[in-house]
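K.L.:
So you can see what is in the structure, the chains are spelled out below.
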Amino acid sequence: MSYRWRQETAPMTSLLVLQRALDQCGFQIIEAPAIMKHLALARKRVSHASTTHDKIAAYEELIDLIRQIDQTDSLPKSIKLDGVKLSLSNSFCYVAEGYSSNESTVAEMAAKSKITELNNVYKEIAAGLESELTQAMSSLESQLREALIKAVKAEQESYKKSITVARQEIFKIIRENAKKEGYSLKRHVFTAGKNAGREQYVVVKRV
Amino acid sequence: MSQSIRLADTLESSQIYGPGRRFVIWVQGCSLECPGCWNMEFWSVSSGYYADVSNLLSEILATADIEGVTILGGEPLEQPMPVLELIQSVKESGLTVMLYTGYEEYELDELQLECVNSADIVIMGRYIASLRDTGLRWRGSSNQQIRMVSSAYENKEIREQEEVEITIDPNAEVSIAGYPSKWLLRVIEEL
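If you read the protein sequences in the order shown, they are chains L and P. Position 173 (the first sequence) corresponds to 172 in numbering that gives the first Met the number 0; numbering is contiguous. Position 139 (the second sequence) corresponds to 138 in numbering that gives the first Met the number 0; numbering is contiguous.
Treat the hints as calculated values from the structure; they're not laboratory data. Model, not experiment: these values are computed from the prediction. Cβ coordinates follow ideal geometry from the N, Cα and C atoms, glycine included. Certain hints may be false.
[What the hints assert, rightly or not] Computed Cβ-Cβ distance ranges for the label pairs, DEER-style:
#	chain 1	residue 1	chain 2	residue 2	range
1	P	S46	L	S137	41 to 49 angstroms
2	L	Q134	P	D51	32 to 40 angstroms
3	P	D64	L	R3	43 to 51 angstroms
4	P	G19	L	H37	13 to 21 angstroms
5	P	S46	L	N119	19 to 27 angstroms
[Stated by the list, open to error] A short list of chain L residues far from chain P (calculated; beta carbon distances all over 10 angstroms):
#	residue
6	W4
7	P10
8	S77
9	S137
10	E180
Generate the whole structure from the sequences, applying the supplied hints.
P.N.:
So, in structure tokens, the structure goes:
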């Protein structure tokens, strides 16, 4: 006898970061949109290129792929991994599902722990995009530096766009539902200090 | 020497826990354990983290555009010494203090009463699930009372209203504070 287990991932907005996180966690992708496979191959080409010329060409290919991603529909509905299926459960979270036998939950525990690792790695990659640019800028070889900076900037831009799209979508959903329920909405965007980048909405209904 | 306070969480800026924009502090630990409490994870005295009151004050003073601090929990009056130090030092810095407690006045000892009397506004009384009313301003159930302790807000008109705060952080993570209605909980869960 076996049963199905489920575990929700942390919110994810960027296909690029998700692909990198899956790769970094060692997930084997069985079925996913072609763009994810192409991205993985392009990244491999960058790391395997032995000459400056090859590396620059590999970066250019990666940049082209990054620019192809349509941010309004960037997250795949489902991704089949080895032993686990990720399905987009709502706008920005996946549900990881797998099967476990009643006799042993070892595989289930291992898979759940990998999902936790995926959540952490996703956050680390997203948070590290800024420092990647600083590192790229200190790269020694000038031609390579230029290509590397372009690639990191394209990646950053894509991630930022995914966040913007997600936040707009969240705002839209909250606003529409608040209006339907007869609530007013006050919006505040923090532009300075440690709250910078945060948005707050106060949903109010007078009694 | 500054005292340690056991905290559950802080929020640098909120508009729904008292007048104006406020720094919000949830203390960790509550023995009252009101059935239906929204913050059950703040009951245990073995969870949370310790913070030095003077460090917490520095953090508060470094936060721009706030008019005061709100202390809730958990049960603030179960840590009366550090809470009193916090209230007094916040007041000395020119900010106002709003304090939540599940206790009634007759249940308080001298030190706890001093905390209450040092604050500007106190929300007092247990949370009673059967009296839950999301239309109350700053309170969760209708038995809870708003006490204007100082003159800081004595002329303030308090209009009852349902208010919930949704925060979207820079990575698009969503959190919610206040006493949300069912429709809003459903919407947030579906995001």
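K.L.:
Would the least Cβ to Cβ distance between L/E180 and chain P come out above 10 angstroms?
P.N.:
The claim breaks: L/E180 does not keep its Cβ more than 10 angstroms from every Cβ of chain P (closest is about 5 angstroms).
K.L.:
Check the following: the C-beta atoms of P/G19 and L/H37 are separated by a distance inside 13 to 21 angstroms.
P.N.:
violated, 52 angstroms
K.L.:
Beyond 10 angstroms on every Cβ pair: is that true for L/W4 relative to chain P?
P.N.:
holds, 20 angstroms
K.L.:
For the hint 19 to 27 angstroms, verify it against the beta carbon of P/S46 and that of L/N119.
P.N.:
For L/N119 against P/S46, whose Cβ atoms are near 21 angstroms apart, the range 19 to 27 angstroms holds.
K.L.:
May I ask you to test the hint 43 to 51 angstroms on the CB atoms belonging to P/D64 and L/R3?
P.N.:
Given about 49 angstroms between the Cβ atoms, the range holds.
K.L.:
Is the claim that L/S77 lies outside the interface with chain P correct, judged by CB distances over 10 angstroms?
P.N.:
Its Cβ never comes within 10 angstroms of chain P, the nearest being 18 angstroms, so this holds.
K.L.:
Is the Cβ of L/S137 farther than 10 angstroms from every Cβ of chain P?
P.N.:
holds, 25 angstroms
K.L.:
Falls inside 32 to 40 angstroms, the C-beta gap from L/Q134 to P/D51?
P.N.:
holds, 36 angstroms
K.L.:
Is the gap between the beta carbons of P/S46 and L/S137 within 41 to 49 angstroms?
P.N.:
Holds, at about 43 angstroms.
K.L.:
Does L/P10 clear chain P by more than 10 angstroms, comparing its Cβ with all Cβ atoms of that chain?
P.N.:
Check fails; 5 angstroms does not lie beyond 10 angstroms.
The earlier numbered hints that this structure contradicts are 4, 7, 10.
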